[in-house]
Amino acid sequence: MSFLHLAILLPFMAAILIPLFYKQLKHIHTGWFVLVVPVILFVYFFQKIGPVSKGLNDYSTANWIPSLGIQFTVYADGLSLLFALLISGIGALVVLYSIYYLSKEKEELHKFYVYLLLFMGAMLGVVLSDNLVVLYTFWELTSLSSFLLIGYWHTREKSRYGAVKSMLITVFGGLSMLGGIILLYLITGTFSVREMVIQAAVIMEHPLFLAALILFLLGAFTKSAQFPFYIWLPDAMEAPTPVSAYLHSATMVKAGIYLTARFTPVFGLAPEWFWLVGGIGILTLAWGSFNAIKQTDLKAILAFSTVSQLGLIMSLLGAGAAALHFESLDDNLFTVAAVAAIFHLINHATFKGSLFMAAGIIDHETGTRDIRRLGGLMNFMPITFTIALIGAFSMAGIPPFNGFLSKEMFFTGMVNLLEFDLFNADTWGILFPVLAWVGSVFTFIYSMIIVFKPFTGKLQAEKLEKKPHEAPLGMLISPVILASLVILFGIFPNILAASIIEPAAASIYPFLLEDGEKFHVHISHWHGFSPELYMTIGVIVLGAILYATQSKWKRLFKLFPEKLTLNRLYDQSLHGLESGSEKIQKFYMTGFLRNYLGIIFIFTAALTGWALFAQSAFSFKAESNAPIGTYEVVLAVLMTAGVVTILFAKSRLTSIIALGSVGYGVALFFVLFRAPDLALTQLVIETITTALFLLCFYYLPELQKREKLAFKVNNLLISLGVGTVVTLIALSANSQRVSKTISEYFIENSYKEAGGKNMVNVILVDFRGFDTLFEITVLGIAALGIFAMVKLRMSRKEQS
Numbered sequence: 001m002s003f004l005h006l007a008i009l010l011p012f013m014a015a016i017l018i019p020l021f022y023k024q025l026k027h028i029h030t031g032w033f034v035l036v037v038p039v040i041l042f043v044y045f046f047q048k049i050g051p052v053s054k055g056l057n058d059y060s061t062a063n064w065i066p067s068l069g070i071q072f073t074v075y076a077d078g079l080s081l082l083f084a085l086l087i088s089g090i091g092a093l094v095v096l097y098s099i100y101y102l103s104k105e106k107e108e109l110h111k112f113y114v115y116l117l118l119f120m121g122a123m124l125g126v127v128l129s130d131n132l133v134v135l136y137t138f139w140e141l142t143s144l145s146s147f148l149l150i151g152y153w154h155t156r157e158k159s160r161y162g163a164v165k166s167m168l169i170t171v172f173g174g175l176s177m178l179g180g181i182i183l184l185y186l187i188t189g190t191f192s193v194r195e196m197v198i199q200a201a202v203i204m205e206h207p208l209f210l211a212a213l214i215l216f217l218l219g220a221f222t223k224s225a226q227f228p229f230y231i232w233l234p235d236a237m238e239a240p241t242p243v244s245a246y247l248h249s250a251t252m253v254k255a256g257i258y259l260t261a262r263f264t265p266v267f268g269l270a271p272e273w274f275w276l277v278g279g280i281g282i283l284t285l286a287w288g289s290f291n292a293i294k295q296t297d298l299k300a301i302l303a304f305s306t307v308s309q310l311g312l313i314m315s316l317l318g319a320g321a322a323a324l325h326f327e328s329l330d331d332n333l334f335t336v337a338a339v340a341a342i343f344h345l346i347n348h349a350t351f352k353g354s355l356f357m358a359a360g361i362i363d364h365e366t367g368t369r370d371i372r373r374l375g376g377l378m379n380f381m382p383i384t385f386t387i388a389l390i391g392a393f394s395m396a397g398i399p400p401f402n403g404f405l406s407k408e409m410f411f412t413g414m415v416n417l418l419e420f421d422l423f424n425a426d427t428w429g430i431l432f433p434v435l436a437w438v439g440s441v442f443t444f445i446y447s448m449i450i451v452f453k454p455f456t457g458k459l460q461a462e463k464l465e466k467k468p469h470e471a472p473l474g475m476l477i478s479p480v481i482l483a484s485l486v487i488l489f490g491i492f493p494n495i496l497a498a499s500i501i502e503p504a505a506a507s508i509y510p511f512l513l514e515d516g517e518k519f520h521v522h523i524s525h526w527h528g529f530s531p532e533l534y535m536t537i538g539v540i541v542l543g544a545i546l547y548a549t550q551s552k553w554k555r556l557f558k559l560f561p562e563k564l565t566l567n568r569l570y571d572q573s574l575h576g577l578e579s580g581s582e583k584i585q586k587f588y589m590t591g592f593l594r595n596y597l598g599i600i601f602i603f604t605a606a607l608t609g610w611a612l613f614a615q616s617a618f619s620f621k622a623e624s625n626a627p628i629g630t631y632e633v634v635l636a637v638l639m640t641a642g643v644v645t646i647l648f649a650k651s652r653l654t655s656i657i658a659l660g661s662v663g664y665g666v667a668l669f670f671v672l673f674r675a676p677d678l679a680l681t682q683l684v685i686e687t688i689t690t691a692l693f694l695l696c697f698y699y700l701p702e703l704q705k706r707e708k709l710a711f712k713v714n715n716l717l718i719s720l721g722v723g724t725v726v727t728l729i730a731l732s733a734n735s736q737r738v739s740k741t742i743s744e745y746f747i748e749n750s751y752k753e754a755g756g757k758n759m760v761n762v763i764l765v766d767f768r769g770f771d772t773l774f775e776i777t778v779l780g781i782a783a784l785g786i787f788a789m790v791k792l793r794m795s796r797k798e799q800s
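In full-length UniProt numbering, the protein residues as written are 1 to 800.
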């Protein structure tokens with residue numbers, strides 16, 4: 001096991017230690033000890049930038065289930081290293097921020113940091129795993145841990161609702177992705193991502209290719225909140241602000257982006273990949289930015305802004321897939337889209353993380369996030385205002401911040417699609433730059449709302465729960481660092497070019513690189529008077545006009561009926577599932593044991609009977625059967641008479657005695673078949689059960705006429721069906737022996753292996769020792785349960 005394995009496991013080990021030691025650290029905030037984990041991880045991954053940028057990718061494997069081809073294989077290339085740096089770096093800043101945001105007196109901090117560390121470890125497992133089974137395990141763990149984080153304030157109904165919503169949608173996507181993993185394994189015979197990339201041509205020619213592609217995209221779209229699955233992300237804002245800043249700027253929602261980028265070499269040559277990834281992405285950008293404007297909660301605005309920004313990155317990955325249709329990097333117009341996606345991924349983590357933290361500071365220091373109650377905070381919170389200004393202007397794409405550069409590259413990638421003459425992009429491709437520009441206009445508007453609505457205008461002190469003031473220094477450190485990076489990457493973007501962006505782009509386009517060739521990324525502030533520049537000017541001008549005239553056009557949102565929203569569809573779907581399952585449950589959960597047995601018998605007989613004849617599995621051969629003797633016939637007649645007597649008996653005692661005769665008849669059959677141990681066991685059990693039945697029913701009154709068993713056709717049909725199917729299966733199994741019976745093994749090895757001459761006892765005690773142990777355990781648990789119920793009933797009688 002390598003250091004890369006330990007880097008993934010470190011957060012999990014820390015999560016185990018927190019519940020053991022947090023009580024001994026009462027006077028110190030738990031976050032100070034948790035902060036060490038992401039700092040160590042960030043330093044470790046930061047040291048790998050140099051080797052990875054030179055093509056020295058880290059690879060290590062450890063056996064997990066080698067018989068199934070499942071190894072815990074980890075792989076750090078440019079793409080996974082980028083995400084690992086974001087997970088650990090932003091994670092460290094979030095933990096530092098949470099130390100001042102969450103009170104150790106009011107919050108259950110040990111639970112919060114356990115959930116946070118579980119999530120951090122799961123995300124590292126997703127981006128560093130090469131084996132898809134391992135990746136899927138961590139993928140679902142991110143859904144589980146994010147569910148715990150979103151529902152951290154579990155006493156709030158909205159928190160529970162948001163947690164359940166996020167888990168249902170993302171787990172649905174995860175299960176879909178699992179189906180895609182299985183299909184890819186059937187195609188390639190491997191779970192390794194790197195080996196699948198090598199077999200990309202084989203995968204694309206396979207009939208299961210399209211199904212695998214769609215299933216993978218369902219996993220990516222649900223996790224990265226793409227249309228129409230984005231509805232879980234706004235409700236996830238009920239989580240504490242540190243959680244929102246972490247999950248929705250650098251980690252949770254970026255997992256879908258990572259999956260899409262990682263599998264672009266596998267699926268990217270297909271037109272379906274281009275249109276689905278690019279089309280859904282650009283639609284999500286426009287729809288998310290449009291809906292962000294009508295929100296009144298700061299975190300809700302940021303939630304929809306995250307949706308739109310994720311759509312932007314996803315559309316760039318879709319457009320960048322066009323680069324795979326060229327043989328080399330020379331004159332490739334579409335690699336700029338992939339570079340823009342990677343650059344904006346980094347930029348989004350910086351400006352969105354700082355904005356979430358600024359929103360948390362406003363909420364923490366004023367008691368509200370409602371922009372209708374906020375205003376005039378610039379004089380009271382100048383540092384927070386500066387942080388929000390830098391983050392919002394970067395998100396709006398205003399120079400000289402880093403968001404301006406990646407947005408210009410985004411426009412370039414969209415405009416270049418007009419030059420792409422495959423997949424009808426030369427006709428329908430016009431939608432990409434149009435929707436990109438429209439979405440950017442709305443992005444500009446909601447960015448201005450975020451920064452100007454709370455901080456400018458008139459202070460409404462009477463509507464605030466607290467007197468506004470600047471946040472403590474400790475709470476400002478993390479957003480100040482992120483805002484500083486926004487400026488640094490905006491002025492000196494090429495700091496990231498060779499070290500981070502180039503190796504990440506090489507991971508997405510391995511086919512375009514010849515031996516020793518590298519991506520050469522150079523980001524410039526000025527490209528001359530180009531369509532991208534005119535688009536940016538148009539965004540700023542029209543965006544400023546629309547922001548200033550909101551009151552005149554915002555009524556357009558009322559044209560969208562609330563009854564037709566995706567949230568309403570989700571709620572009604574859940575309600576329909578609940579009411580439908582309740583009706584089904586009431587249908588078969590009648591409270592009568594005989595009804596349950598009837599359903600079980602009908603289902604068993606119908607399913608096994610259908611399988612028996614549908615597969616032509618029935619056969620009957622009497623050659624190897626022993627002859628039927630007189631004693632067997634007599635016993636069978638007597639047992640049949642006992643069964644008939646039960647049906648027509650007028651007394652409970654008579655029925656019990658007749659039932660006992662049937663059991664004793666079975667014991668006699670064991671004697672005839674030379675199985676004295678089984679006969680003795682049957683006799684003992686039958687005697688005990690008959691005695692117990694007699695003891696119980698002795699105290700019951702005589703059967704009345706209305707209580708006598710009546711003949712029912714459905715009971716007859718069920719019994720005949722079950723009896724016939726079981727008999728046919730027994731006859732067929734006895735007639736179709738394809739190998740030696742297991743009895744021969746026991747005959748040969750009972751004395752040799754276990755030292756016992758009684759074969760039945762040896763089987764029960766040695767060969768099936770664990771079965772016997774578990775059976776005894778189950779009986780013991782049942783006995784304890786019965787004893788507890790008897791004692792409970794007695795105590796209630798005593799109380800009455």
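Among the hints, a few may not be true.
Below are the EDC-like pairs computed for lysine to aspartate or glutamate, each with C-alpha atoms no more than 16 Å apart in a straight line [claimed, not checked]:
1) Lys48 with Glu502
2) Lys463 with Asp370
3) Lys26 with Glu157
4) Lys23 with Glu140
5) Lys458 with Asp370
6) Lys463 with Glu365
7) Lys752 with Glu775
8) Lys26 with Glu140
9) Lys757 with Glu744
10) Lys757 with Asp677
11) Lys158 with Asp297
12) Lys466 with Glu365
13) Lys453 with Asp677
Since the hints were derived computationally from the structure, they do not count as laboratory data.
Problem - Violated hints - listed by number, lowest first - result: The structure conflicts with hints 3, 4, 7, 8 and 13, although it agrees with all the remaining ones.
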